[in-house]
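J.: If you want the building blocks of each chain, they are given just below.
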Amino acid sequence: MNTKTLLSLKQIGKTFSNGTVALQDMSLDVHEGSFVSLLGPSGCGKSTALKIVAGLGNLTTGSMSWPTASVDPLGRPDHEISFVFQEPTLMLWATVFDNVWLPLRLKGVKKKAARAAVEEALEMVGLQDFAASYPRELSGGMKMRVSIARALVTRPKLLLMDEPFAALDEITRSKLNDDLLRLWQKMNWTVIFVTHSVFESAYLSDRIVVMAARPGRVVADIAVDAPYPRDSSEFRSSPTYTNACNSASKALHAAMLSGDHM
Amino acid sequence: MNTKTLLSLKQIGKTFSNGTVALQDMSLDVHEGSFVSLLGPSGCGKSTALKIVAGLGNLTTGSMSWPTASVDPLGRPDHEISFVFQEPTLMLWATVFDNVWLPLRLKGVKKKAARAAVEEALEMVGLQDFAASYPRELSGGMKMRVSIARALVTRPKLLLMDEPFAALDEITRSKLNDDLLRLWQKMNWTVIFVTHSVFESAYLSDRIVVMAARPGRVVADIAVDAPYPRDSSEFRSSPTYTNACNSASKALHAAMLSGDHM
Amino acid sequence: MTDTPNLPLDLVEQRKARIARNERIGRWLLPIIVIVLTIVGWDRFCVINEVPHYVIPRPGRVLEALIEDWSLLISSLGATLLITFSALTLAIVGGVGLAILFAQSKWVEMSFFPYAIMLQVTPIIVIAPLIFIYVDSKFIGLLICAWIVAFFPILSNTTLGLKSADHNLVDMMKLYGASRWQTLRFLRLPSALPYFLGGLKIAGGLSLIGAIVAEFVAGSGGAGSGLAFRILEASYRLNIPRMFAAILLISFTGILIFMAMSFLSWLFLHKWHESAIKREM
Amino acid sequence: MTDTPNLPLDLVEQRKARIARNERIGRWLLPIIVIVLTIVGWDRFCVINEVPHYVIPRPGRVLEALIEDWSLLISSLGATLLITFSALTLAIVGGVGLAILFAQSKWVEMSFFPYAIMLQVTPIIVIAPLIFIYVDSKFIGLLICAWIVAFFPILSNTTLGLKSADHNLVDMMKLYGASRWQTLRFLRLPSALPYFLGGLKIAGGLSLIGAIVAEFVAGSGGAGSGLAFRILEASYRLNIPRMFAAILLISFTGILIFMAMSFLSWLFLHKWHESAIKREM
Amino acid sequence: NEAITFGTNWVAQAEHGGFYQAVADGTYADCGLDVTIVAGGPNVNNRALLLAGKIDFLMDGNLLQPFNSAAEDIPMVVVSAIFQKEPQVIMTHPGQGLDTWESLKTADTLLIGNGGYQSFYRWMVSTGFRDEQRKPYTYNSAPFLTDLKSGQQGYVTSEPYAIQTEAGFEPNVFLLADNGFNTYSTLIAAMQKTVDTKPEVVQCFVDASAIGWNNYLYGDATAANALIQAENPDLGDANIAFAVEQLKKYGIVDSGESETTGIGSMSMERIASFYEKMVTAGVVEAGLDYESVVDLSFVNKGVGLDVKSRLLGN
Ligand SMILES: Nc1ncnc2c1ncn2[C@@H]1O[C@H](COP(=O)(O)OP(=O)(O)OP(=O)(O)O)[C@@H](O)[C@H]1O
Ligand SMILES: Nc1ncnc2c1ncn2[C@@H]1O[C@H](COP(=O)(O)OP(=O)(O)OP(=O)(O)O)[C@@H](O)[C@H]1O
Ligand SMILES: O=[N+]([O-])[O-]
Ligand SMILES: [Mg+2]
Ligand SMILES: [Mg+2]
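Residue numbers (our numbering), protein chains in the order written: chain E, 716 to 977; chain Y, 716 to 977; chain U, 8 to 288; chain F, 8 to 288; chain X, 571 to 884.
Read the hints as simulated data drawn from the structure, not as lab findings.
Treat the hints loosely; a few may be bogus.
To be verified - Under the rule of at most 20 angstroms between Cα atoms (straight-line distance), these lysine to aspartate or glutamate pairs were calculated in the EDC-like manner:
1. F:Lys181 x U:Glu281
2. U:Lys113 x F:Glu287
3. Y:Lys965 x E:Asp813
To be verified - Some chain U residues flagged as far from chain E (calculated, every beta-carbon gap over 12 angstroms):
4. Ala27
5. Ile42
6. Gly104
7. Phe119
From a predicted model like this one, the values you see are computed outputs, not experimental measurements.
Every residue, glycine too, gets a C-beta built ideally from N, C-alpha and C.
With the hints as constraints, model all of the structure from the sequences given.
T.: Right, dumping it as structure tokens:
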């Protein structure tokens with residue numbers, strides 16, 4: 716495994732103009748090729764943190780750096796980032812195909828050249844038959860899957876996923892979990908993955924970061940020391956997995972109590 | 716427990732104009748006071764079925780009746796129905812308070828008179844501090860919780876919930892699970908609850924209905940014969956629970972294979 | 008809904024279907040009834056108040072004039088429509104072009120929007136002579152006048168639409184490194200479409216009005232002159248039925264243009280925009 | 008962002024802040040530069056082309072006229088503004104009222120929208136005499152004329168807006184048994200607000216133009232007459248600097264009205280609508 | 571006193587002087603009328619108000635409109651002709667080869683308003699002018715001033731003055747009336763019904779207007795001018811003075827027939843001759859009962875001649 720640092724957040728803070736302190740003094744180093752899960756109560760700042768990493772928001776305090784990438788004057792790295800937003804965020808006026816094609820299209824890939832990649836991505840999320848549909852003709856989970864396909868189609872260096880599987884049934888979800896892991900290994904991606912499922916985080920990631928709410932901050936950083944590929948049933952009954960789940964659960968409980976949440 | 720039939724779907728079918736057969740020959744009787752979970756792969760027609768029950772869509776075939784309620788000429792029952800949509804569906808121009816107040820407001824309840832009820836509902840979902848916020852100032856999970864509060868504030872006879880807790884962390888989710896069960900018992904509600912979690916469905920409901928996709932139809936109907944209130948840890952280790960989970964999982968797997976899904 | 012299997016629908020569904028059918032028929036029947044009533048009302052008004060024919064002619068007389076002067080009126084209509092559609096085309100190009108320009112930066116918008124407003128509020132009748140001092144072609148002069156009247160709604164609505172793009176999608180564009188132009192092309196323009204088409208519905212009528220005002224102000228007469236001239240002439244000659252016939256023709260044209268714009272709207276939006284999709288659930 | 012704790016921001020954040028500051032300054036500076044350049048350009052144009060003062064006067068002369076005739080012009084402006092704002096008020100009431108009526112059913116819309124279009128496309132100059140036959144008060148006559156010019160954009164945009172309500176929210180309203188009126192009040196009207204306000208921006212200028220056109224068409228002169236009459240009179244008397252001064256006053260007023268409408272838009276939308284919220288993420 | 575309204579065809583001007591004079595000095599009131607003058611304007615359509623019965627009398631520019639009334643069966647009649655000559659002129663720049671009426675036919679551009687285009691210009695076309703020469707005049711002289719090879723319509727009393735004072739040169743002025751357009755002008759028209767039911771009112775209005783005009787032209791016009799200027803504050807004293815001078819110089823109001831039969835006089839011969847001319851020119855159709863739209867019974871009675879001779883001291 717790689718230990719170069721891809722991304723480094725140093726005591727970042729984000730305060731919205733209505734006074735909400737979404738993040739405070741959050742520090743996090745993400746290694747290249749790692750799979751980091753972000754776990755935390757609703758409203759603790761996970762989405763905010765992800766957007767900041769993606770370069771979509773201004774910091775109020777602190778700094779963010781990309782030690783191994785060259786950056787432009789505004790601090791954006793020169794490599795590909797993909798993002799599965801928490802909401803599907805589809806273009807309503809475009810078909811499923813065109814929605815997934817978009818990131819390629821922005822790079823100048825023509826429809827014909829993009830077809831294979833788009834269809835592969837759609838197949839992965841089980842929507843090969845809906846390429847010509849419009850978003851309004853899809854169910855909630857199907858929309859989310861289009862969004863996932865769109866993120867995967869570019870083969871990014873860094874993949875940010877904000878609760879991508881929350882709207883999916885467990886079988887689809889576990890299939891996609893495995894697909895994602897396979898791709899991640901094959902492509903040597905780095906993934907930051909927001910989830911609400913302790914089990915999912917323990918199964919997928921090599922590191923679980925638990926956050927507490929208002930101010931959003933890191934309260935636990937749990938390594939899941941198990942090699943990939945992980946055999947599903949075997950790994951799920953291993954002590955590493957159980958320990959990781961337990962630590963994460965405990966940290967989450969503690970976080971719930973420490974924040975002003977509920 | 717009550718055995719009067721509240722709602723009866725007889726071989727209902729729904730075909731969209733693009734040819735998608737969302738539902739076909741779906742029959743379902745829902746007893747008064749029962750807690751029915753709807754489980755099924757993404758895109759199998761759960762949301763469609765719920766909307767039809769709510770009177771928000773036309774049937775293509777079959778019929779729906781309310782044996783114990785008087786209905787208006789368009790077949791709508793005279794009692795209250797609440798709906799937590801799959802998406803938050805908030806009024807962007809209104810504060811959290813006003814969003815939750817809405818159903819009461821539509822009944823002519825003035826702001827002052829509604830305050831206590833609205834605040835109670837917000838407290839239940841942990842958003843008492845955000846009454847004055849606008850939806851855009853909330854995280855994804857918080858928006859969903861506002862939507863849940865809005866559904867609970869009216870104390871409906873029939874509560875339809877479309878994956879209400881999917882966007883929530885597990886701790887919040889289990890708290891809301893318990894709150895919901897408590898309210899359901901106290902108020903003698905009838906609940907139809909769409910979820911992707913087999914565990915959640917087994918824990919909450921007295922009946923699990925499993926659907927298969929395209930055409931959407933009922934493929935299994937599993938009773939969960941355990942008394943309420945259910946002690947969380949005790950019930951979760953009971954054979955009833957384990958059996959229900961297993962049957963549901965199996966049915967779901969079978970459904971995945973039988974539908975054209977993935 | 009297609010291919011309804013042959014299962015019996017229950018009573019409620021039948022009732023809903025009946026309501027839908029009535030709605031469908033009413034949508035066409037009621038307007039016709041209203042039109043007929045209007046015409047009858049107009050006729051009764053003239054008769055009961057003994058309105059002289061040279062003040063408001065009775066509908067029959069206007070119809071006669073319409074038939075009698077048909078070829079004259081229709082050729083004038085042609086001339087007016089030429090200006091109208093040329094002006095509308097320019098209004099679309101100009102309005103959308105300026106909106107895109109203004110969307111590039113607050114600076115540009117704040118610097119040049121005032122000039123667009125000045126154009127909108129300056130009465131054509133005042134600047135027409137100035138235009139004609141510097142523009143030799145009469146057609147181009149008329150076009151400029153009609154354009155000035157028509158472009159603003161498109162500009163204003165499109166500007167609003169370009170700003171109304173979903174910010175999550177804007178973020179997504181940014182993330183994938185979309186250029187300014189790509190963001191415009193793939194996100195802002197489609198988002199602005201409903202607003203633009205709304206502006207187009209307004210501008211359609213305005214370009215007709217603009218063409219007529221321009222002719223009033225700047226159109227010399229003679230062969231090949233437009234409907235405005237026919238109105239002026241008929242009014243001067245006290246041939247009031249013909250004047251009304253010309254006005255009716257304008258109104259009718261306006262309605263046709265509006266319907267064309269509405270159809271265009273439907274064409275572009277019915278797949279996805281709330282205002283145009285047929286609700287199925 | 009409020010209450011920034013005193014931690015050092017790093018270079019990138021400093022750069023972003025600098026860009027934002029430049030943007031803020033540029034938003035005000037650039038328009039001023041453009042205005043100055045325009046005035047200088049106008050002056051140079053007049054001098055280089057030796058444009059006679061009675062065709063296009065140099066800016067200085069217009070300014071002189073503006074100062075000299077200030078009291079005359081300002082009282083005329085008052086008269087015009089009275090019509091303008093009365094017409095705008097009526098346009099809002101009428102436009103929104105009709106839009107609400109039309110939103111009630113496709114029947115009503117299809118039956119009466121054509122009449123709205125007819126009003127829009129009928130040249131004021133033609134129907135003004137008819138209006139004045141049946142309306143005795145000159146003020147009311149002018150008002151009707153200006154209203155006819157201004158109401159359509161509000162009607163059209165509001166109608167579009169009422170139809171653009173999120174269908175999930177429409178479903179929700181239905182579910183909770185909202186009456187037609189409640190759905191309108193709590194859902195459709197707020198959803199239509201951005202569209203309505205867009206229409207208002209167009210109608211603001213149009214009601215000014217409408218007031219001026221109405222005065223042109225129907226206003227005899229005399230004390231208490233509006234800017235249109237001043238323009239006509241000045242033009243007739245070849246007092247071109249005064250004419251330009253009056254036009255400038257109109258333009259300036261139009262810009263002020265637009266700014267007022269924009270402010271109103273901001274006021275109603277900045278809390279929630281994409282087009283107006285300040286992005287923080 | 572009976573309240574009546576009189577609609578003019580333009581904003582208050584010296585060309586309306588006599589009417590204001592009769593209002594100001596009580597001449598109308600003396601024969602029982604309370605007259606309100608409703609000023610017109612470039613786009614104001616007072617005719618519609620007359621036809622709809624909203625005003626009692628209308629000032630008509632020339633005889634073409636009454637002919638049109640005859641063609642359209644509109645029961646409107648002309649009861650007096652205050653101006654013996656149409657004051658309409660064509661102006662050109664001096665020294666541009668456009669110094670005679672005939673040479674106007676070679677001008678590149680003639681700026682003629684919409685009304686003029688519908689009336690006198692159609693006669694001009696019949697005499698060799700061309701449709702293509704015409705461009706619309708919207709009461710802004712800038713296009714004329716910038717194009718030296720152009721001509722522009724105007725009232726002999728107004729536009730030449732504005733040109734002289736603002737543009738600084740004296741334009742060539744060609745009075746239409748002196749070049750064959752021999753219509754009466756500033757006609758007083760009323761609906762037939764008014765003439766039939768209230769002849770005394772008509773007579774009073776016609777007579778008092780004639781007296782008013784005599785007083786305005788030959789006596790002390792201060793009160794009338796004050797009324798006019800109250801209506802139209804932009805009109806300067808010099809402007810009025812110029813207008814009155816022109817009215818006299820060209821014999822617009824008082825020349826020919828009127829010198830013997832009084833201001834307002836009309837003769838059917840002259841009307842017939844104008845009608846024939848217009849028929850020949852194709853401006854109006856042949857065979858109209860044009861006599862039906864003129865009623866000579868209120869004029870040609872020498873009313874006001876006494877006032878004139880008293881004021882002129884002979
Ligand atoms: N635009 C905004 N203006 C003000 N406050 C905001 C804004 N966006 C987010 N917040 C606040 O910031 C905090 C963090 O929000 P964020 O969306 O990052 O939470 P999250 O961890 O993603 O929650 P969830 O799991 O529910 O999606 C919340 O308290 C929210 O209310
Ligand atoms: N407006 C529509 N037009 C056409 N097809 C539609 C429309 N709405 C839904 N569908 C189709 O109907 C099927 C059922 O959709 P529905 O939303 O009921 O699924 P669901 O079970 O709720 O799925 P999920 O768990 O992903 O929310 C899907 O295949 C979808 O593509
Ligand atoms: O002069 N107008 O713009 O109608
Ligand atoms: Mg989030
Ligand atoms: Mg669903």
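J.: Each of the hints needs a verdict: does it hold here or not?
T.: Going down the list of hints, with the structure as the test:
no., hint, verdict
1, F:Lys181 x U:Glu281, "holds (16 angstroms)"
2, U:Lys113 x F:Glu287, "holds (17 angstroms)"
3, Y:Lys965 x E:Asp813, "violated (36 angstroms)"
4, Ala27, "holds (21 angstroms)"
5, Ile42, "holds (36 angstroms)"
6, Gly104, "holds (21 angstroms)"
7, Phe119, "holds (27 angstroms)"
In the structure shown, a violation is registered for the earlier hint numbered 3 alone.
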